[in-house]
Amino acid sequence: DAGITQSPRHKVTETGTPVTLRCHQTENHRYMYWYRQDPGHGLRLIHYSYGVKDTDKGEVSDGYSVSRSKTEDFLLTLESATSSQTSVYFCAISGPSGDTQYFGPGTRLTVL
Amino acid sequence: GQQLNQSPQSMFIQEGEDVSMNCTSSSIFNTWLWYKQDPGEGPVLLIALYKAGELTSNGRLTAQFGITRKDSFLNISASIPSDVGIYFCAGSMYSGGGADGLTFGKGTHLIIQP
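Note that the protein sequences, when read in sequence, are chains R and Z.
So that you can map any letter, position 26 of the first sequence is 26 in our numbering, and since no number is skipped, the others follow by simple counting.
So that you can map any letter, position 13 of the second sequence is 13 in our numbering, and since no number is skipped, the others follow by simple counting.
With the rest of the complex left out, here is chain Z (with noise of 0.2 Å):
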């Protein structure tokens, strides 16, 4: 089946830093979209992508949607607290539609140091 491959695996950085973690893929997808797990919760969608080359915003996180359809990447700015958890960037191959089900990196553990 398809792969992704989510990078870092973790990260371990100071509050106020910025974050960057990408996903690539041998396979091209329609469809990305980034989630935040939280201990013991399920995942939160953050930001969905559904054209290549889209940048899309949501107040102190960016993702952007590849070219190639093959990667994505999502950027946390000023970093606080509240962002530690785990990041997956999943993919799926409708437009439109995740009729099938996602394919999922294994996920970015950020760790903030106060």
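The following block holds chain R by itself, in its conformation from the complex (with noise of 0.2 Å):
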């Protein structure tokens, strides 16, 4: 199993309240990733980063931030919960190639 760790593996929170997801890596990759996965949507790219410091927007980013400080963690922030934002949570990293993704464990958020 690629070396993938997400906290909180589980969350409940209030509408209008910050959240920050993160993910751990131990792999030493550069590419890491951030989805969420939604029934009869399956899995969106929200943002991802190709290096510290380096992020980009992906297909559903409104209402989501992120950074990276360091290789080993990318942090998913939503600065303002909404119901909405309701999901499951996928951090993913690239193969050693980067020509693949590995997947987290997942966080499964609910806003109420």
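Hints are computed from structural coordinates only; laboratory data are not their basis.
The beta carbon of each residue, even a glycine, is placed where N, CA and C say it ideally should be.
Please note that a few of the clues may not be correct.
What the hints assert, rightly or not - Derived lysine-lysine pairs resembling DSS-like cross-links, with alpha carbons at most 30 Å apart:
no., chain 1, residue 1, chain 2, residue 2
1, R, 11, R, 70
2, Z, 51, Z, 70
3, R, 53, R, 11
4, Z, 106, Z, 51
5, Z, 70, R, 57
6, Z, 106, Z, 70
7, Z, 106, R, 11
8, R, 57, R, 70
9, R, 57, Z, 51
10, R, 11, R, 57
11, Z, 106, R, 57
12, R, 70, R, 53
To be verified - Residues from chain R that keep clear of chain Z, each with C-beta distances beyond 10 Å, as calculated:
no., residue
13, 12
14, 14
15, 16
16, 26
17, 69
18, 71
19, 73
20, 75
21, 79
22, 85
Stated by the list, open to error - Take a look, some chain Z residues computed to stay more than 10 Å from chain R by CB distance:
no., residue
23, 15
24, 16
25, 55
26, 113
Using the hints, put the two standalone chains together into the complex.
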């Protein structure tokens, strides 16, 4: 298994509160990604990073921000959570040659 | 954005049967990937395809990268109970690097009846 951990694994929060999800890798890989998974939509890319302090938007980036201050950590922040952000969030890293992606165990977020 | 059409949405089969699922796209992809997801877990990579026409096997799984670069299929032979799960196709515009993220199909839910 690729060395990817996500924290927390489960979180329940209220509308309007800030939330930060953490992805940590032990593989020292350059690329990291955040996806959300919703019924009927599959997985959709939120943001990705191609190096420390280098990030870019994905398909569904509105309402989310990211930061990467160290190679091993990629943070996803919901500045003011909304019910539409209730979802399962997956972090992924690229393989050693950058040609595949490996996924973490996911964080289930519920916004009430 | 790009969309992948994955079919069928769900399959109910008997143990021992062969399974076939496919993905089509209106855009060209340079890499096709197939993942399996079990409940409560992240997707696990099954097969990666990098060249048009490529046929790759992984045990009982076989996948092909379509000649047009707009489609791919996955076959599972002699299904067993642990094959149950959701299978996703995913495509990348990059060859040799998924730098900008993957586009996913909506999944095929495989259910096996003993």
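**OP:** Grab the minimum beta-carbon distance between residue 69 of chain R and chain Z and tell me whether it stays above 10 Å.
**Re:** The claim stands: residue 69 of chain R keeps its Cβ more than 10 Å from every Cβ of chain Z (closest is about 20 Å).
Original post:
Since residue 75 of chain R was said not to touch the interface, does its Cβ keep a gap of more than 10 Å from each Cβ of chain Z?
Top reply: Answer for residue 75 of chain R: holds, closest chain Z Cβ roughly 17 Å.
Subject >> Non-interface claim for residue 113 of chain Z versus chain R (Cβ beyond 10 Å) >> reply: The claim holds: residue 113 of chain Z sits with its nearest Cβ about 23 Å from chain R, beyond 10 Å.
Subject >> residue 55 of chain Z and chain R, when compared Cβ to Cβ, separated by more than 10 Å >> reply: With a cut-off of 10 Å, residue 55 of chain Z remains clear of chain R, as the shortest Cβ separation is near 18 Å.
Original post:
Going by Cβ atoms, does residue 73 of chain R stay more than 10 Å from chain Z at every point?
Top reply: 18 Å, holds
Original post:
residue 51 of chain Z and residue 70 of chain Z: Cα distance at most 30 Å?
Top reply: 12 Å, holds
Subject >> residue 14 of chain R and chain Z, when compared Cβ to Cβ, separated by more than 10 Å >> reply: 24 Å, holds
Subject >> Consistency of the no-contact label for residue 16 of chain R, given chain Z and a CB cut of 10 Å >> reply: Consistent with the label, residue 16 of chain R stays out of reach of chain Z, its closest Cβ about 28 Å off (over 10 Å).
Subject >> Reported absence of residue 79 of chain R from the contact zone with chain Z (all CB gaps over 10 Å) >> reply: At about 22 Å from chain Z, residue 79 of chain R clears the 10 Å cut-off, so the statement holds.
**OP:** Could you grab the alpha-carbon distance between residue 57 of chain R and residue 51 of chain Z and see if it respects the 30 Å cut-off?
**Re:** 28 Å, holds
**OP:** Please work out if residue 11 of chain R and residue 57 of chain R have their alpha carbons no farther apart than 30 Å.
**Re:** Holds, because 24 Å separates the two Cα atoms, which is no more than 30 Å.
Subject >> 30 Å limit on alpha-carbon distance, applied to hinted pair residue 70 of chain R and residue 53 of chain R >> reply: This hinted pair holds, its Cα atoms lying about 8 Å apart.
When held up to the earlier numbered hints, the structure conflicts with none and fits them all.
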